[in-house]
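**Q** Residue strings, one per chain:
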Amino acid sequence: MIIRPRLSDFKVICLYTGKVIIGVGLLMLIPLATALCFGEWNPAIEFLIGIGACLVFGLGMEASCQTRRDLNWSHGLVVASFSWFVATALGAIPHWLSGHFGSYLDAMFDVMSGYTTTGMFLLQDLDHISHGLNMWRHILTYAGGQGIIVIALTFLFRGTAGAYKVYVGEGKDERLLPNVIQTARAIWLVSLIYLIVGSLALWIAGLWLGQGYVRGGLHAVWIFMAGWSTGGFAPQSYNTLYYHSLVYEMICAIIFIGGSFNFALHWAVWTGDKSEIRKNIEMISFFITVTLAMLIATAGLMALDVYPDTMALFRKMFYQVASGHTTTGFSTIYSRTFVRQWGPLAMLGVTLAMAIGASACSTGGGFKGIRMGIIFKALLQDVRRMISPESAWVTAKWHHITTRVLDDQTVRTAMLIVLSYIGIYTLGTLVGVYYGYDLVEALFDSVSAGSNTGLSCGVVSPSMPVPMKIVYIFEMWAGRLEFMSVFALMGYIVALLRGK
Amino acid sequence: MGNHGYSMMIRIHGATARMTGFFIAVALLLSILSGTARSQPPGHRIGVNPAYPVPAGETPAGIEVNSSTLVENANLWNGRIVAFKGEAIGECMVRGKMAWLHLNDDAYMERNIEEGAVLGGYNGGHAVWVSAELAQKIRFFGDFKHEGDIARVTGAFNAACREHGGDMDIHASSLEIIRPGHPVRHAVNMQRGMITALLFVIAALLYGIRRIAVRRRI
Chain A
568 MIIRPRLSDF
578 KVICLYTGKV
588 IIGVGLLMLI
598 PLATALCFGE
608 WNPAIEFLIG
618 IGACLVFGLG
628 MEASCQTRRD
638 LNWSHGLVVA
648 SFSWFVATAL
658 GAIPHWLSGH
668 FGSYLDAMFD
678 VMSGYTTTGM
688 FLLQDLDHIS
698 HGLNMWRHIL
708 TYAGGQGIIV
718 IALTFLFRGT
728 AGAYKVYVGE
738 GKDERLLPNV
748 IQTARAIWLV
758 SLIYLIVGSL
768 ALWIAGLWLG
778 QGYVRGGLHA
788 VWIFMAGWST
798 GGFAPQSYNT
808 LYYHSLVYEM
818 ICAIIFIGGS
828 FNFALHWAVW
838 TGDKSEIRKN
848 IEMISFFITV
858 TLAMLIATAG
868 LMALDVYPDT
878 MALFRKMFYQ
888 VASGHTTTGF
898 STIYSRTFVR
908 QWGPLAMLGV
918 TLAMAIGASA
928 CSTGGGFKGI
938 RMGIIFKALL
948 QDVRRMISPE
958 SAWVTAKWHH
968 ITTRVLDDQT
978 VRTAMLIVLS
988 YIGIYTLGTL
998 VGVYYGYDLV
1008 EALFDSVSAG
1018 SNTGLSCGVV
1028 SPSMPVPMKI
1038 VYIFEMWAGR
1048 LEFMSVFALM
1058 GYIVALLRGK
Chain B
344 MGNHGYSMMI
354 RIHGATARMT
364 GFFIAVALLL
374 SILSGTARSQ
384 PPGHRIGVNP
394 AYPVPAGETP
404 AGIEVNSSTL
414 VENANLWNGR
424 IVAFKGEAIG
434 ECMVRGKMAW
444 LHLNDDAYME
454 RNIEEGAVLG
464 GYNGGHAVWV
474 SAELAQKIRF
484 FGDFKHEGDI
494 ARVTGAFNAA
504 CREHGGDMDI
514 HASSLEIIRP
524 GHPVRHAVNM
534 QRGMITALLF
544 VIAALLYGIR
554 RIAVRRRI
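Chains as they are written, first to last, in this note's numbering: chain A, 568 to 1067; chain B, 344 to 561.
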């Protein structure tokens, strides 16, 4: 029997959603300050409207839904998915008011793409937008990468036992420290220190490459935010091709590869356990799958003789494949170059890389290295069982921070999530093919959306059919939250309609 | 050698064997993939995009082309001398005696959205490698507060430039300003200012109600 949620359930969900939305409103203070600094008065008003709307919603929820109840597991999952949805709807206000979008749905597409660190966009005339809006785009992706729930946990939640349940709902389950709020703060500490170091490196590189102090500084911060969060937004329409520099590309690659690693791994290394880098199942998995994807892409590029020499081939191939595998979406080629020069085999190599994606509990998306490692180990274990005597007890171990014995429940969970990803990749591909796109192209962009990568071969555009935009928004949302929260929200809606 | 050393050696050998096996498998896969692909002549399997112009033998050097044409039929235009016109955006990045420019020939080349242009899709353009001296002719670069100069360059188009790590670019030998750019005026939107004030008044009221609700709960 399905039990209909009670008023008290809604109160607790709305109360915590309100807190998260107030957090989103406060985040808009950063682009507001940027707009004011550069004398961009209309964008400043647009951010004030956005802040006002978030405060009205958040305070309205807090005023009307005060309750003593704490969150249970289902509440936590629903708060995470519902907050992301409302944060997208309200976060899109400055985008929409800027006049650079064809519809409010397009603005929501970009905000969802930012929060989920995807990096696809429908914004038109990017090269003429304000510094304030560019700051907001990159803040969205930086905050989304760490998790908007993590932000709320860091600054707005005080000593609630239910905090961990919302944290898990956002697709993270690592506890770096005993307390989840301390964990959230640790994630921010690590990210902010890297922000300072990475931005400085990019700023110096930018100055050396001929950028001015102010533009170079802004670009450095934005590119760091987009790279570290594996977001893939960039301040210019040329993405990172704009800089025409191997040095800049290398710094970017270090940043996005670093950002794609598990926070728990970062924490282990920070706290002195450097051996974790070579033992961790995700690192081994990443090394193997990135090599495979690069080899496939190289074979495709070699066959079509795309680049004039090995160095150019390796530079372009490495950057696009690593960007795809870490689900960043930075690119140094035009979108249509994938189709018009790289060809289907190289595109499939990048598609494979995007589908597998980054590490769990990182800013990246996709199946995740940990699940690939677990499934591969389970496969090997089954093969070993088949060739061993019946009386033999075959076990397998895997290492992620601690060494654990592989059990069926772990494999089942990993398989379920991977199958869900395959489901959304297929959904987007089918819709794309239905609307007349080539199969390889539809697959490429669908996988890119579902794995929160952001590379595009030209399918995603402001003129694409509305149902495709909706499917891609769903793919980005479900892929980022790793399904469970979205399923919980759907379950809640069903329970509301059919429960007793 | 003690037991510990012996087991370490076995472990290292095991890891080496696994790595060797992995690389042999990968090399095999690569040879199969590239072997199949090489059975067909290179460069012939990505067809011409008929929606965009392609050069013929009699196409004159310096013919004006747009950015989409160069991207869609990149291999066919590779190495040809073309003319390209677009709005200078961003900034000029000087590298020694040369400089990088970015010229956009999209729907916003004449007038951008901040000046009231209708939405016309994504930006589109090309990177241009030109002497720093020529690049200095450009006074305005397009951004939120400026509509950039429209410049016309002539030079060799590279689908994958050998000098620049495979970038798609134009190595320009001439540059002329077609139309100078200008600053863009933004009139402050007072109506939106009023909406902002209204929202903050409502938020202040809700904050008061919230404080009362929290006190009652406690």
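Bear in mind the hints are in silico, worked out from the structure with no lab data behind them. This structure is a prediction, so every number in the text was calculated from the model and none was measured. Hints may contain errors.
What the hints assert, rightly or not - Straight line, CA to CA, 25 Å or less: simulated SDA-like cross-link-like pairs of lysine to any residue:
{"hint": "1", "chain 1": "A", "residue 1": "K964", "chain 2": "A", "residue 2": "G990"}
{"hint": "2", "chain 1": "B", "residue 1": "K480", "chain 2": "A", "residue 2": "K944"}
{"hint": "3", "chain 1": "A", "residue 1": "K944", "chain 2": "A", "residue 2": "L973"}
{"hint": "4", "chain 1": "A", "residue 1": "K964", "chain 2": "A", "residue 2": "L774"}
{"hint": "5", "chain 1": "A", "residue 1": "K1036", "chain 2": "B", "residue 2": "K488"}
{"hint": "6", "chain 1": "B", "residue 1": "K440", "chain 2": "A", "residue 2": "L973"}
{"hint": "7", "chain 1": "A", "residue 1": "K841", "chain 2": "A", "residue 2": "K1036"}
{"hint": "8", "chain 1": "B", "residue 1": "K488", "chain 2": "A", "residue 2": "S670"}
{"hint": "9", "chain 1": "B", "residue 1": "K488", "chain 2": "A", "residue 2": "L596"}
{"hint": "10", "chain 1": "B", "residue 1": "K480", "chain 2": "A", "residue 2": "L596"}
**Q** For the pair supplied as a hint, B/K488 and A/S670, confirm whether the alpha-carbon distance does not exceed 25 Å.
**A** Holds. B/K488 to A/S670 sits at ~24 Å (cutoff 25 Å).
**Q** Assess, step by step, whether the Cα of B/K480 is no farther than 25 Å from the Cα of A/L596, and give holds or violated.
**A** Status violated; Cα separation ~39 Å.
**Q** Between A/K841 and A/K1036, is the straight-line Cα distance small enough, at 25 Å or below?
**A** 43 Å, violated
**Q** Can the restraint linking A/K964 and A/G990 be considered satisfied, given a maximum Cα separation of 25 Å?
**A** 29 Å, violated
**Q** Is the hinted pair A/K964 and A/L774 satisfied, with a Cα-Cα distance of at most 25 Å?
**A** Violated, at about 49 Å.
**Q** Does the alpha-carbon distance linking B/K488 and A/L596 stay inside the 25 Å limit?
**A** Given pair B/K488, A/L596 holds - Cα atoms ~22 Å apart, limit 25 Å.
**Q** Sort out whether A/K944 lies within 25 Å of B/K480, counting only the CA atoms.
**A** Roughly 62 Å between the alpha carbons, so the hint for B/K480 and A/K944 is violated.
**Q** Could you grab the alpha-carbon distance between A/K1036 and B/K488 and see if it respects the 25 Å cut-off?
**A** Violated: A/K1036 and B/K488 sit about 31 Å apart, past 25 Å.
**Q** Need the status of pair A/K944, A/L973: alpha-carbon distance at most 25 Å?
**A** 8 Å, holds
**Q** Checking one constraint from the list: CA of B/K440 to CA of A/L973, max 25 Å. Satisfied?
**A** Violated, at about 61 Å.
Of the numbered hints listed earlier, those contradicted by the structure are 1, 2, 4, 5, 6, 7 and 10.
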